[in-house]
Amino acid sequence: MSTTRRVSKLVDGSAGSEGFGKKIKEVGFGLLSPEEMSRVAEVECCNRELYQMPSRNPARYGCLDMRLGAANKATTCETCRKRMDQCAGHFGVVQLVLPVFHAGYLKHVLTLLQCLCKTCSRALVKPTERESLLRRMRSPAADALRKASLFKRVVERCKVVSTCPYCGSANGPVKKISNQGVVKLAHDKFKAWKGGLDDDGECPHHEKLRAMQYLNPLDVRRLFERASDDDCELLWSSPAQSRPEHLVVSSLLVPPTSIRPSVAVDTPGGGGSNEDDLTVKLQEIIDVNAALRQAVTKGGSTKMVLDTWAFLQMQVGQFINGEGKKPIRGLCQRLKGKTGRFRGNLSGKRVDFSGRTVISPDPNLSIDEVGTPRHVASTMTFPERVNALNIDKVRQLVLNGPKIYPGANYVETASMKRSLQYGDRRKVAKELKIGDIVERHLLNGDLVLFNRQPSLHKLSIMAHRVRVKEARTFSFNECVCAPYNADFDGDEMNMHVPQTHEARAEADELMRVAANVCTPRNGEPLVAATQDFITASFLMTTKDTFYHREQYCALATYFDSRDSIKVPKPAILKPRRLWTGKQLFSLLVSTETLSFELKERNYSSGLDACPNDGYVVFRRSMLLAGNIAKKTIGDGSKRGLIYSLFRDHGPAAAARCMNRLARMAARYLGYHYGFSIGISDVAPTRAVQTLKEGLLKSGSEEAEALIATFRDDRLPLKPGCDALQSLESELAGLLGSVREKAGKNLMSHLRANAASVMATCGSKGSAINISQMIACLGQQAVDGKRIANGFVKRTLPHFPVDALGPQARGFVGNSFYSGLTATEFFFHTMGGREGLVDTAVKTAQTGYMARRLMKALEDLSLHYDGTVRNSESAIVQLVYGDDGLDPSCMEANDRPVDMDRLLYRVQAGDYPNQRTATATATAPEEIRDYLKKKEEERRKAPLEHLDNIPSVAEHASTFARIATDKVSRSRVQPGEAVGAIGAQCISEPGTQMTLKTFHFAGVASMNVTLGVPRLTEIINAAKSISTPIITATLDNPKSEVSARLVKARIERTTLGEIATLHQVYAPDSVYILAQIDARLVAELHLVQITSRSVRAAILRSKLKLRAEHVLLNPDHAHALRIVPPDPSFFGMQTLKAALPDVVVDGVPSVNRAVLNKNDDNNNVVYNLLVEGYGLEDVMAADGINGRETTTNHVAEVESTLGIEAARSTISNEISYIMSAYGIGIDQRHLSLLSDVMTFKGMVLGITRFGISKMRESVLMLASFERTTDHLFDAAVHSRTDSIVGVSECIIMGIPIPLGSGAFKLLNDDDGKRGDDDKKHPHQKRNNGHPTIPTTRRRLIMNHDAAADAAKAAAAASSSS
Amino acid sequence: MSNNIIFHDEFMVEKVNPDGKKFEKVSRLICKGILYEVELLVDINSEIFEIKVEEKLGVAIARNLSLDGSETYEQVVGKPSLLDQYDYAMHGVAYKYKHVEGSTVEVHVSHGGLLARLKGDERHLAGIKVDDEVYTLIRRIEAAPGSSSA
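Chains as they are written, first to last, in UniProt numbering: chain A, 1 to 1360; chain B, 1 to 150.
Since the hints were made in silico from the structure, they are not lab data. Incorrect hints may have been included.
Far from chain A, by Cβ distances over 12 Å, these chain B residues were calculated [as the list claims (entries may be wrong)]: (1) 4; (2) 5; (3) 8; (4) 18; (5) 35; (6) 36; (7) 37; (8) 53; (9) 54; (10) 55.
Listed below are the simulated DSSO-like cross-link pairs for lysine-lysine, each with C-alpha atoms no more than 30 Å apart in a straight line [to be verified]: (11) 119/B with 940/A; (12) 73/A with 417/A; (13) 934/A with 56/B; (14) 32/B with 129/B; (15) 744/A with 129/B; (16) 932/A with 21/B; (17) 32/B with 15/B; (18) 23/A with 934/A; (19) 129/B with 764/A; (20) 32/B with 940/A; (21) 129/B with 15/B; (22) 98/B with 569/A; (23) 98/B with 175/A; (24) 569/A with 79/B; (25) 599/A with 15/B; (26) 22/B with 764/A.
Pairwise CB distance ranges, derived in the manner of DEER restraints [said to hold, decoys possible]: (27) 817/A with 129/B: 51 to 59 Å; (28) 143/B with 740/A: 42 to 50 Å; (29) 577/A with 143/B: 39 to 47 Å; (30) 554/A with 67/B: 31 to 39 Å; (31) 101/B with 1087/A: 53 to 61 Å; (32) 548/A with 101/B: 51 to 59 Å; (33) 20/B with 817/A: 21 to 29 Å; (34) 1157/A with 48/B: 27 to 35 Å; (35) 129/B with 548/A: 27 to 35 Å; (36) 686/A with 67/B: 22 to 30 Å; (37) 1208/A with 129/B: 51 to 59 Å; (38) 101/B with 1157/A: 33 to 41 Å; (39) 1185/A with 129/B: 56 to 64 Å.
Even glycine gets a Cβ: it sits at the ideal position worked out from N, Cα and C.
Could you put together the complete structure from these sequences and hints?
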């Protein structure tokens, strides 16, 4: 059987020429037999010398033999006669005298030994079970996951067998005994032997200890050789690919020299060389092997043979896995880890045509340009093919050569590639032919990829157009800082030049800045005006900005409008003609019509008439009211100007607007206004000073008063808090408000102050920052609390013992302007350090989380049938996000159309009003309902001249048409890598989450873990979480009394809490008397506790008392006697120590419950927040509305309510975390993640365990974690990897079947069918299914035909 | 009075900058119409036209500036026009017409960001249509009692 496989030489000399056009279908893993190794090898290595001494040439038959590959640049390979750069190297082999265990397979060998009879080599499965197990193992439907569980079962079955059902001999467990690096396997043959006496009439039991039988590699190999092919299959290994005897190595393959290069060392007294760890180890193996051969053939002592053998075993083990006392870089170490082969070289590759330098801002560049230094532009090139149209231009580039800027570096003709650095460029230029390829310098307008690390989301790499500049840095428009998270304090960025037109086209369509203005996280614009652009716009549009005609015209020219500017009529005609800043700003969008209204950051009240001028009205491209600030032109706002332009007029219009804005802002602030900040901006005025002092004084007085009440024990307790906690919570609120109040009042005092302008318009800084500079720094916190004691009973020795006052606990009353005192400074550094540590820790944690999420979700994509599937074609979602809409296109709150905004625009007349009869009728119901509602609202006004109020009905069909169009445009495109995008959208905000805990639902005493730790918990599907909280709704939520009763019932009550225990040593008996405190029980509303219930609880407990041990006293209703089963003194003491902890009432797994009062609009509703586990018990408790009760613990929801409930809990919990930090994530991303975690029918964490259950691909799993384990496992079970996922394709260098790689050409020119079905097995399976017509899957490259096909597909899909 | 004036009344200035002086060069006036009881809120450039509380103003909203209502803005420059009859004139656009309650409506006019809001019975304000270009003309009729400069 085993000879059916033909192993050819892995690196075969002919591969270069004949291998052209070969395609890797799959990668198989298996074990090589010694014969196969010999066949593969070019040379048997048996010479321990590395070099022949006088000549220093590699020794023949040594492990650096020249036949293993070219050793240096000077020599050629003796096998293939190629030079070093051509020859990949060849294998050698070492024939071991005696077999040894393989370090990677040892564990599996152990398992197999437990499954096979150590006498007859048959699997120890009972004959009755054997058939069915074997059938199931052979079933073609069994995938790796199922086989793994089946194998596990077989192993379990075999382990319990002590007598071989076939030969009847004894079998026991096999153990690994390792002693100082020497590994031995021992078979405890008679451990469970239940048979009779053996042949000699002795009972083997007596010999138990000595009956341990060592199994040396030779034994094991023989044992495995005798195993039948059927048994091999039963034990999940293939007789053809991975016979178990090959797990024990008797020949060792020597890797080519090219992977273990020697480094020549020049030492004065004669040369030497530095050898790779592998070479050294191989040399040792050859040496030891020779010694062993000597000992065996020349008759060495047994001890000597055994010792040498053990030493050989150790050396081979180290060769494979270099861990140990003296670690070396063995084979495993080369594969493992971040810089190992898998992650360092196969999944991530070094690239050419890339550059990196410092970045600088340039508002004069368009948002999709990148200023490129000439040096970069003439080093990085694009291979341009010469054609009839460009030949003259290209010829000139060739003439210019590499040194003169628009030039070229290389010319590639059909025969050769030559550098233009040397030689006659004129000759080359003259001979230039159509079809040659010229590697020309980058020119203005070339598309390049621009990137800043860390690349947390897809917007970290975008395509820009090159603009060559005389500078040494990359530069770009500041509007693009946000997606890259870049600033200019020394940041560096990378540039990559796509080398084909195909790559360019894709980059242009998918990656260009204009196409990525909005983040896929929730559709908010990320590329938008920042900092100075906002400040300038704000200053320009304040109400009291007036310009003369000259000023107006001068500023108007800054907008970069190519059309002639029409100067509008002045806003003020008399007494003087004046134009306003708003009229100037309106020119920004003069080429597009748009209308919207929004409340800016400084909006206070009164809509349009807001006294701060904070209500922005844009109508028909005119700014009519309101000052422009961050919400209008900044990022993260879906109601603003940039977003309106982007959605309604296209990315180009938004880009144009930002370009104009940037140019205008830079010039306005630079030449006209002047904007600077200095010490005078943060110097408090007398008024501010008095205000601050007043606030501080009242604050500290209040605090002292609170502390006094606390010391007198008069402080009212907060729910679930002790006195100190209540005090801290009160003080936190009080002291926190001091700084806040100072900030708020300050802002109204500051006028024409640079800092306050920036804070008001949102360009930089906040009221808190200003108040810290001018007024006071406020309370410093560590771990969310005031500064804790770091000295004896106080924070610092400067304060009195047990000081609780504001100053003593880290309240800083000074400002940065006034300067901090020594203690204040110290407290401030404490808070600052926590922040720094937190950031450092968080980056590492979120990085790992991002990696795991990406590995779990990377291969999910939207298929043509609308389902989301992984690369194995398993369906994860039937419809993406339940509606198939793209999160990056959502205008309003996860919905595709912001109907209020659209109606406003339609009514303002932004669109030509076209009435179509069918538009309204065919529109989705949501749209129709909205229109109906709005028209009804309008009709309510009892006016004669109703026509003055804009009509809804009149515009209904236009509205419906546009809205319907928007919905259909926001469908996700087939092929979209929804998984990868989702993973990025969830992990990218991780770095923004700073604080760790929050108060839960406003209950001061209840903290919930949030932030990265909580996110990790959910994603890991952790079994125990740090703050499990069950939120329980009450049957009677209005009554506090009944709520308290329910609470008392749920909370755990122990015997020690309600009863006093007395030891009674009477003459006739000893017992413990438990006296239940009836008054206390009544006070606690524990009406259900009686001596009977307590007795039952004690009997139920782990104390193992029987009914006769717990006695009720008929005379005393509240007394119990507990008689110790062991009446000794110690028995009494143990009992007395254990009794107080007996849970007599409530849910044992609950720590405590807090009654939560929700008071909205005098409608008081109570609910219970229960800390701890036990959802099932709480739901079932009396007075609890089980239908409305849930927990934040995913695993518990799964076990109690099922997988669907767990799924929604996952997305709800993540959503809750994100909302606590003000991070909006589209529901679709969360539901995809929760579907991935649940689609296998159980909650799988995004961890190494979970992911290995989600996917089968060996390469993908190996590139994730536990690289070598997965590889050894794959070899043992002779698994194959079909290279369908993202990781595998990257590793093998194959285009990824996602996005633009999702489809294939089915019809080529001569009508031959491509082999698409292999890649999409599900489509094959679905062939003939009406919903996937074949026409829809057939892409034809001809444009007209493509249009026809699209029509046909539309017709087909609508008819089905 | 020519037919291009679509609203006209005399107003009493009740408040100047009711929320405090928020802008250096702009004041907000709250006025009450004497004849039609229309409430007027209007922003004016206080640097070039200062108004005090309890002054009496004549306010007109006009479609254009020529005396006979036929000419456009460009054509009246340098000729006798409505401008001659008023002390302060702004040009703007009516952008919002809102129902408040009963028969009361609100009309919003923006003069390049200087807002005017007329609130009153729809009969008096119906002439102003949304998206109309309008001129807001103000003249001093009577100085505030007690102020020395008339």
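Against the structure, the hints come out as follows:
Interface exclusion of residue 4/B from chain A stands, the closest Cβ pair being 15 Å apart, more than 12 Å. With a least beta-carbon separation of about 15 Å from chain A, residue 5/B lies farther than 12 Å from that chain, consistent with its non-interface assignment. Against the 12 Å criterion, residue 8/B stays outside the reach of chain A, whose nearest CB is about 17 Å from its own CB. Annotated as non-interface, residue 18/B brings its C-beta within 12 Å of a C-beta of chain A; the closest such distance is 8 Å.
Listed as outside the interface, residue 35/B is consistent with that label: its C-beta sits roughly 20 Å from the nearest C-beta of chain A, beyond the 12 Å cut-off. Distance check on residue 36/B: its Cβ is at least 16 Å (rounded) from any Cβ of chain A, clearing the 12 Å threshold; non-interface status holds. Residue placement check: residue 37/B keeps its beta carbon more than 12 Å from all beta carbons of chain A (closest about 18 Å). The beta carbon of residue 53/B sits about 17 Å from the closest Cβ of chain A, which is more than 12 Å, so the claim that it is off the interface holds.
Once the 12 Å rule is applied to beta carbons, residue 54/B is consistent with being away from chain A; the minimum gap is 21 Å. Non-interface status of residue 55/B relative to chain A is upheld: no Cβ of that chain comes within 12 Å, the nearest being about 16 Å off. Of the supplied pair hints, the one linking residue 119/B and residue 940/A holds, its CA atoms being roughly 19 Å apart against a limit of 30 Å. Between residue 73/A and residue 417/A the alpha-carbon distance is near 21 Å, which keeps this suggested pair within the 30 Å criterion.
Of the supplied pair hints, the one linking residue 934/A and residue 56/B is violated, its CA atoms being roughly 41 Å apart against a limit of 30 Å. For the given pair, residue 32/B sits about 22 Å from residue 129/B by alpha-carbon distance, which is consistent with the 30 Å threshold. At most 30 Å may separate the alpha-carbon atoms for a hinted pair to count; residue 744/A and residue 129/B exceed this at roughly 41 Å. Taken as a hint, the residue 932/A and residue 21/B pair is broken in the structure, with Cα atoms around 44 Å apart against an allowance of 30 Å.
Taking the CA atoms of residue 32/B and residue 15/B, the gap is near 10 Å; set against the 30 Å cutoff, the hint holds. A hinted pair counts as satisfied when its Cα atoms are at most 30 Å apart, and residue 23/A with residue 934/A does not qualify at roughly 61 Å. With a C-alpha separation of about 41 Å, the suggested pairing of residue 129/B with residue 764/A is violated against the 30 Å cut-off. A threshold of 30 Å between alpha carbons decides the hint, and for residue 32/B with residue 940/A the separation of about 28 Å falls inside it, so the pair holds.
Proximity of residue 129/B to residue 15/B is assessed by CA-CA distance (about 27 Å); at most 30 Å being required, the pair is judged to hold. Only pairs whose Cα atoms come within 30 Å are accepted, and residue 98/B paired with residue 569/A is accepted, the gap being roughly 26 Å. Distance check on the hinted pair: residue 98/B and residue 175/A sit about 88 Å apart at the alpha-carbon level, beyond 30 Å; violated. Straight-line distance between C-alpha atoms of residue 569/A and residue 79/B comes to about 17 Å, which keeps the hinted pair within the 30 Å bound.
Our distance criterion of 30 Å between C-alpha atoms is met by residue 599/A and residue 15/B, whose separation comes to about 25 Å. Using a Cα cut-off of 30 Å, the hinted pair residue 22/B and residue 764/A holds, with the two alpha carbons roughly 22 Å apart. Between residue 817/A and residue 129/B, the C-beta spacing of about 55 Å keeps the proposed range 51 to 59 Å intact. A C-beta distance of roughly 46 Å is found between residue 143/B and residue 740/A, which places it inside the suggested range of 42 to 50 Å.
At roughly 26 Å, the beta-carbon separation of residue 577/A and residue 143/B lies outside the given 39 to 47 Å, and the hint is violated. Between residue 554/A and residue 67/B, the C-beta spacing of about 35 Å keeps the proposed range 31 to 39 Å intact. Between residue 101/B and residue 1087/A the beta carbon distance is about 57 Å. The supplied range of 53 to 61 Å therefore holds. Between residue 548/A and residue 101/B, the C-beta spacing of about 43 Å breaks the proposed range 51 to 59 Å.
Under the hint 21 to 29 Å, the C-beta atoms of residue 20/B and residue 817/A, about 26 Å apart, fit the expected range. Between residue 1157/A and residue 48/B the beta carbons are some 59 Å apart, a value that contradicts the proposed interval 27 to 35 Å. As the Cβ distance of residue 129/B to residue 548/A is approximately 32 Å, the hint placing it in 27 to 35 Å holds. Taking the beta carbon of each, residue 686/A and residue 67/B are about 56 Å apart, not inside 22 to 30 Å as hinted.
Between residue 1208/A and residue 129/B, the C-beta spacing of about 52 Å keeps the proposed range 51 to 59 Å intact. In this structure, residue 101/B and residue 1157/A meet the distance hint of 33 to 41 Å, their C-beta atoms being roughly 38 Å apart. Taken as a hint, the range 56 to 64 Å holds for the pair residue 1185/A and residue 129/B, whose Cβ atoms sit roughly 57 Å apart.
Checked against the numbered hints above, the structure violates hints 4, 13, 15, 16, 18, 19, 23, 29, 32, 34, 36; every other hint is satisfied.
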